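**Q** Now for the letters of each chain:
4 protein chains.
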Amino acid sequence: MDHLKRIVAAIAIIGWSALPLAQAKAQSKFTAGLSWANEAGSVLSITSVGPNGLLSGTFTTKVGCGHGKPHPVTGWFYPAANGGAVTFSVYWNGCNSVTSWLGQFNNTTNHFQALWHLSVASAPVWNGIVAGSDIFTRTAAGRKP
Amino acid sequence: MDHLKRIVAAIAIIGWSALPLAQAKAQSKFTAGLSWANEAGSVLSITSVGPNGLLSGTFTTKVGCGHGKPHPVTGWFYPAANGGAVTFSVYWNGCNSVTSWLGQFNNTTNHFQALWHLSVASAPVWNGIVAGSDIFTRTAAGRKP
Amino acid sequence: MDHLKRIVAAIAIIGWSALPLAQAKAQSKFTAGLSWANEAGSVLSITSVGPNGLLSGTFTTKVGCGHGKPHPVTGWFYPAANGGAVTFSVYWNGCNSVTSWLGQFNNTTNHFQALWHLSVASAPVWNGIVAGSDIFTRTAAGRKP
Amino acid sequence: MDHLKRIVAAIAIIGWSALPLAQAKAQSKFTAGLSWANEAGSVLSITSVGPNGLLSGTFTTKVGCGHGKPHPVTGWFYPAANGGAVTFSVYWNGCNSVTSWLGQFNNTTNHFQALWHLSVASAPVWNGIVAGSDIFTRTAAGRKP
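Residue numbers (the working numbering), protein chains in the order written: chain W, 106 to 250; chain X, 106 to 250; chain L, 106 to 250; chain D, 106 to 250.
It should be emphasised that the hints constitute simulated quantities derived from the structure, not laboratory data. If you're wondering where the values come from, they're calculated on a predicted model, not measured in any experiment. Worth double-checking, as some hints may not be accurate.
Chain L side only, calculated, beta carbon under 10 Å to chain D, not exhaustive [to be verified]: (1) Thr-179; (2) Gly-180; (3) Gly-188; (4) Thr-192; (5) Asn-201; (6) Ser-205; (7) Thr-214; (8) His-216; (9) Gly-233.
From the three backbone atoms N, C-alpha and C, an ideal C-beta is built for every residue, glycine too.
I would like the entire structure built from these sequences, with the hints used as guidance.
**A** Written out as structure tokens, the structure is:
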């Protein structure tokens, strides 16, 4: 059964990849009103994705300075037939830092893995940038009816 | 002479660091109307920096797909007394990719060094993210009178 | 600066709280004769971990040039009471490239997550470095009786 | 996908255009007995580069824990006609951390730029990896007559 699903999904992906861009955009599953959570439980909520790819929303982290409070997000989503490129960044108001994530979205699994960098607000210091990676999964709260 | 400049700069930095945040923001040298070029000659031009840190502008790359054309930029600048945290990302319209830079700005040198990631618009592939780093220097065109 | 202080504090705490080195080493689960696989099924096999932390072994990738063949690994493991820092790099003989992984090992889960960079053998080109991250899990084959 | 194609094409071109390996190695300027310093004055000294690409040496950092003392280096150099891929890592004995650099060497300028990650020795913590980039220049001390 699982095998059958994969074949159907593969056919769908192949089929979609031949469609024009406007249609690919319409099929994108990375859209306004949805949310994704990483392994730590931090949540990205998308408020809007513009026709030019500009996205905005909030990010509520579970770890570090500013945790538990939504912080503003800006970034881009570039759709493809089977997923897309996503990048978003957060201004940690009151925490003297910003973070940027970047990764590739999977339309089939609704997951995306992203590399991130966090920069401390100061003149350059050798240990001023922290790095890591996250796997984001669609949250129930962010699931459309 | 150089020594004297450094002492003056050091005093200035120490002095500034005691000022309240609003004033630190006013002193920031990462402001609208300025431009920075990296080693390859690619140019970041800042159109606006909002009171909440939101920045917008354009990026004109010298290398790769989309070179020579300004592409839209969104991101954040978080000011500090002696510099700040900066992150900005670009939507490479027509090139199926996005790039995000993140680094620390130096108010004294007007330079910033930034790590970047570029993601290809597709479902995840093992080699879908390119990485690098750039040093950005204020351009003459971006120098205020 | 709060973030930076926390990082510095974290490093200090880790340093002080560490058990005597010999004891930490005895507890380490990242030892010779074991293997770890990432999500793609690529396998790291550890041949030896020297008293100075030097590790050697092989890496057999499932993706890209050189897949299916073990390639030589060199790197370091720095033990801590509850895990450790690990870095290892691979020479892709015949593939004109090298890759380096770096991450933190968890003694409780026997997993480690690592960021990686791959560099193409050539003079610098803007897109000469690929980046990603992997989660490595102990393999059954690498499980000691 | 254009970017991805270019990267794949670039790898293919580099592979095909490479001189016979023995010749490329003879031309390599990244050899035993030489040293490179980064912007902060930290020095990489190469003790040996094996026929299989394995390199060893020392790294003496100017910043952070362990500064001023040579620490052991292991890594790889993969030669190409015009440069090569280089990666090396350091065990910060007494500092509970390891660092790995990776970049591309330029035979013409004798410089190389490298991205680095530093990992704290502990079980994974969200801010356990620091990131940055360095430009390494051949030192006078490391210049052969």
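**Q** Against each hint, give a clear statement of whether it holds in the structure.
**A** Hint by hint, here is what the structure shows:
1. Thr-179: Status holds, d = 5 Å.
2. Gly-180: Holds - the Cβ of Gly-180/L comes within 10 Å of chain D, reaching about 6 Å at its closest.
3. Gly-188: Cβ of Gly-188/L sits 4 Å from chain D, so the hint holds.
4. Thr-192: The hint holds - Thr-192/L has a Cβ within 10 Å of chain D, the shortest such distance being about 4 Å.
5. Asn-201: 5 Å, holds
6. Ser-205: Holds, because the Cβ-Cβ distance from Ser-205/L to chain D comes to roughly 4 Å (cut-off 10 Å).
7. Thr-214: It holds, given that the least Cβ distance between Thr-214/L and chain D is near 9 Å, below 10 Å.
8. His-216: 8 Å, holds
9. Gly-233: 5 Å, holds
Checked against the numbered hints given earlier, this structure breaks none of them.
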